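Chemist: Here are the chains, one letter per residue:
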Amino acid sequence: MKTVRIIPRLDIKGPNLVKGIHLEGLRVLGKPSDFAKYYYEQGADELMFMDVVASLYERNNLHEIISETAKSIFIPITVGGGLRSISDIKEVLRVGADKVCLNTAVIKNPQLIKDASRMFGSSTIVVAIEAIKESNGRYLAYTDNGREYTGIDVFDWAEKVAELGAGEIVITSVDNEGTGQGFDLELISRVTNLIGIPVIAHGGAGKQEHVVDVFKEDNISSAMISSLFHYHYIVSNESKASALEGNVEFLNQKRSFHTFEPCSIGDLKRRLISNNIDCRL
Amino acid sequence: MDNNFKKVIIIDYQLGNLYSVKQACDTVGMNAKISSDPEELLNADALILPGVGAFIEAMSNLKKNGLDTAIQSKVRAGTPIFGICLGQQLLFSESEEFGAGQGLDLIPGVIKRFPETFEERKIKVPHIAWNTIFKFKQDWGNSPLRDLGNNEFMYFIHSYFVKPSDDSCVLTFTNYDGIEFCSSVLVNNIFSTQFHPEKSADKGISIYKNWALINKLL
Numbered sequence: 001m002k003t004v005r006i007i008p009r010l011d012i013k014g015p016n017l018v019k020g021i022h023l024e025g026l027r028v029l030g031k032p033s034d035f036a037k038y039y040y041e042q043g044a045d046e047l048m049f050m051d052v053v054a055s056l057y058e059r060n061n062l063h064e065i066i067s068e069t070a071k072s073i074f075i076p077i078t079v080g081g082g083l084r085s086i087s088d089i090k091e092v093l094r095v096g097a098d099k100v101c102l103n104t105a106v107i108k109n110p111q112l113i114k115d116a117s118r119m120f121g122s123s124t125i126v127v128a129i130e131a132i133k134e135s136n137g138r139y140l141a142y143t144d145n146g147r148e149y150t151g152i153d154v155f156d157w158a159e160k161v162a163e164l165g166a167g168e169i170v171i172t173s174v175d176n177e178g179t180g181q182g183f184d185l186e187l188i189s190r191v192t193n194l195i196g197i198p199v200i201a202h203g204g205a206g207k208q209e210h211v212v213d214v215f216k217e218d219n220i221s222s223a224m225i226s227s228l229f230h231y232h233y234i235v236s237n238e239s240k241a242s243a244l245e246g247n248v249e250f251l252n253q254k255r256s257f258h259t260f261e262p263c264s265i266g267d268l269k270r271r272l273i274s275n276n277i278d279c280r281l
Numbered sequence: 001m002d003n004n005f006k007k008v009i010i011i012d013y014q015l016g017n018l019y020s021v022k023q024a025c026d027t028v029g030m031n032a033k034i035s036s037d038p039e040e041l042l043n044a045d046a047l048i049l050p051g052v053g054a055f056i057e058a059m060s061n062l063k064k065n066g067l068d069t070a071i072q073s074k075v076r077a078g079t080p081i082f083g084i085c086l087g088q089q090l091l092f093s094e095s096e097e098f099g100a101g102q103g104l105d106l107i108p109g110v111i112k113r114f115p116e117t118f119e120e121r122k123i124k125v126p127h128i129a130w131n132t133i134f135k136f137k138q139d140w141g142n143s144p145l146r147d148l149g150n151n152e153f154m155y156f157i158h159s160y161f162v163k164p165s166d167d168s169c170v171l172t173f174t175n176y177d178g179i180e181f182c183s184s185v186l187v188n189n190i191f192s193t194q195f196h197p198e199k200s201a202d203k204g205i206s207i208y209k210n211w212a213l214i215n216k217l218l
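Protein chains in written order, with the working numbering: chain G, 1 to 281; chain C, 1 to 218.
These are calculated hints, taken from the structure and not from any lab test. Model, not experiment: these values are computed from the prediction. The beta carbon of each residue, even a glycine, is placed where N, CA and C say it ideally should be. Treat the hints with care, since some could be wrong.
With a Cα cut of at most 20 Å, we get these calculated EDC-like pairs of lysine to aspartate or glutamate [stated by the list, open to error]:
#1 G:108 to G:144
#2 G:2 to G:217
#3 G:216 to C:177
#4 G:90 to C:57
#5 C:163 to C:105
#6 G:90 to C:202
#7 G:114 to C:57
#8 G:2 to C:152
#9 C:122 to G:218
#10 C:135 to C:177
#11 C:122 to C:202
#12 G:160 to C:116
#13 G:37 to C:202
#14 G:13 to G:64
#15 G:71 to C:26
Some chain C residues flagged as far from chain G (calculated, every beta-carbon gap over 12 Å) [unchecked claim]:
#16 42
#17 72
#18 73
#19 116
#20 147
#21 189
Turn these sequences into a full structure, and let the hints steer you where they fit.
Modeler: Given below as C-alpha cells:
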C-alpha cells in the first residue's frame, strides 16, 4: 500500500504560533500546544515545529514546547530552526523530537548531513530546501526563511542532499508559501523524480483541491500544511495568544484570508480518500 | 505508586528516541527505566529494545557495554522482550547490509534492504508512512495486538526489514508499494515490531498496554 502523509507545520516565535507570507511578516495565531493537541486529535500524521527566528540567533528555543508535547502526543515530531551541530541535534532528540530538519547549517557545511545521518540514522535527518524561482526560470536555494541568497541550484542541491544520506527532503516554494495559490507542481515533481528519498511538498496550499493536485504527482507522498489548518482552527476555536509579544491584531479580528478556504485535517483526508488517494483517517 | 511494580528496562545504547518509549510506558502505567547498565538489565522483569539508525553502529554499541550478552542470556532464560524498529532487526541472526555481520541471533533470519526499483517502478527508500498491518498465520487474540482490527494503520520509518527463516513467528505483514514484508513477530517471550507503536497514536499505545498486561507487568 502507498499512503500519503499530512503534516501540519507549526512556525514558532518565542511562546507563540505564528504565520507569515513568503515565510515573512509574521502574525501571532495562538499557543503552540493548543494547536498541536487539536491536530493530533484530528488525525495529523506527523507534526513539524519550526523555530522561525532561531537561525538569526543561531539557537533553537523549542525544547520546552517539544518535551511537553511529546508527553501526550504519540505521533512523530520533527523539529527545525537554528540547529547547527551534532550536539544541537542530540539535544532536541533527547527532549523528545523524532527527527530534525536542517537547512542553513547544512548549506554552510554539507558534511553535517553525512555525519548526522551516520550517527542518528538517515531517517532522523530531514533537509529543508527553500526554493525561489528566478526570472530566468532557474530555481535557487535560499536560507534563513528565504532571506539569504546562496546561488545554489535547487536540483543540484537536492541530489547532493540525498547522496549525503538525508532521509527526506522538505521542498518549500518560498514564492507560493503563505499565498494560498497552490503548490509549485513543476518544482516539486522535478525534485521528487530526481531522487530516491521521500519528498514533502510545502508552500501554497490554499484549498483542498491543491492538496489533491499535488498527490496526483506519482512520487509525492507527503504535504506540509500551515495556513489551511491554522485558519480553520482560529475561526472554530478560542485561540489565546500570549499578549506579551508579536502582532496579534489579525488574531483578534478572528478571520481568515480571502485566498484560503480553511478546512480541518479530517475534511481534507476524506476528500483525498474520495479521490482514491490512500491515507490514515 | 506501588513499589512492587515489575521492573522494565528500556535499553539505552545511544540510538533512537527513548523519550517517547518512556512516555508510552508511563502512560500505560509500567514501571520503566532507561538504562545502559548490564547489571540493571540482568535484574529486570522485562526488556524493551528500541532504536533508530544503523545496524552496525547499534551492534557495536551493544557489544561495547556488554549489553549484547546480557540481552541474550535474559531472553534465552525466558524474560519478555519487546523490540521496536531497529530493535526488532537486532534480534535476528544477520544483516545483509555490507559489513554489518551478526545480530543477537535470538530469531533465525536475515535483514534485507528495500530495493530501489520493484516491477520497474522506482521505490522511495526509506519507507516513511502510516501503513497497514495485516494478519498472517498467527491469531492476534493472545498477542499485544489483540485490541486491533485487521489492517490497522501504524507508523513506519525504515530502509531495512526482517525476513525470518521460519514464517510461523510472523505476526503481521505489511505491503509497501507491492513489496510484502514481515512487520511484527511473536515467538514465545519475544515480541517485536518494525513499526513504532509509540508513534502510532492511541492504537499504538494499546500495544504497549497489552504487552504489559500479557506479561503481568502492571
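Chemist: Now tell me, hint by hint, if it's right for this structure.
Modeler: Results for each hint:
Of the supplied pair hints, the one linking residue 108 of chain G and residue 144 of chain G holds, its CA atoms being roughly 12 Å apart against a limit of 20 Å. At roughly 13 Å between alpha-carbon atoms, residue 2 of chain G and residue 217 of chain G fall within 20 Å of each other, so this suggested pair holds. Restraint check for residue 216 of chain G and residue 177 of chain C: satisfied, since their Cα atoms lie roughly 16 Å apart, inside the 20 Å limit. In summary, the hint linking residue 90 of chain G to residue 57 of chain C is supported, as the alpha carbons are separated by about 16 Å, within the 20 Å threshold.
Under the criterion of a C-alpha separation no larger than 20 Å, the hint pairing residue 163 of chain C with residue 105 of chain C is consistent with the structure, at around 13 Å. The suggested pairing of residue 90 of chain G with residue 202 of chain C is violated, with an alpha-carbon distance near 27 Å, which exceeds 20 Å. Restraint check: the Cα-Cα separation between residue 114 of chain G and residue 57 of chain C comes to about 14 Å, which is no more than 20 Å; the hinted pair holds. Restraint check for residue 2 of chain G and residue 152 of chain C: satisfied, since their Cα atoms lie roughly 14 Å apart, inside the 20 Å limit.
The straight-line distance between the Cα atoms of residue 122 of chain C and residue 218 of chain G is roughly 10 Å, inside the 20 Å bound, and the hint therefore holds. Taken as a hint, the residue 135 of chain C and residue 177 of chain C pair is honoured in the structure, with Cα atoms around 18 Å apart against an allowance of 20 Å. Restraint check: the Cα-Cα separation between residue 122 of chain C and residue 202 of chain C comes to about 33 Å, which exceeds 20 Å; the hinted pair is violated. At most 20 Å may separate the alpha-carbon atoms for a hinted pair to count; residue 160 of chain G and residue 116 of chain C meet this at roughly 17 Å.
Using a Cα cut-off of 20 Å, the hinted pair residue 37 of chain G and residue 202 of chain C holds, with the two alpha carbons roughly 13 Å apart. Between residue 13 of chain G and residue 64 of chain G, the direct Cα distance comes to roughly 13 Å. Compliance with the 20 Å bound is thereby established for this hinted pair. For a cut-off of 20 Å, the pair hint linking residue 71 of chain G to residue 26 of chain C stands: about 9 Å separates their Cα positions. Against chain G, the non-interface label of residue 42 of chain C holds: every CB pair exceeds 12 Å, the least being about 26 Å.
In this structure residue 72 of chain C is separated from chain G by more than 12 Å, as the shortest Cβ-Cβ distance comes to about 24 Å. Distance check for residue 73 of chain C against chain G: the nearest CB is about 28 Å away, which clears 12 Å, and the non-interface claim stands. For residue 116 of chain C, the non-interface assignment is contradicted: its Cβ lies about 6 Å from the closest Cβ of chain G, within the 12 Å cut-off. In this structure residue 147 of chain C is separated from chain G by more than 12 Å, as the shortest Cβ-Cβ distance comes to about 15 Å.
Under the 12 Å C-beta cut-off, the non-interface status given to residue 189 of chain C relative to chain G holds; the minimum distance is some 25 Å.
Hints 6, 11, 19 from the earlier list are contradicted by this structure; the remaining hints agree with it.
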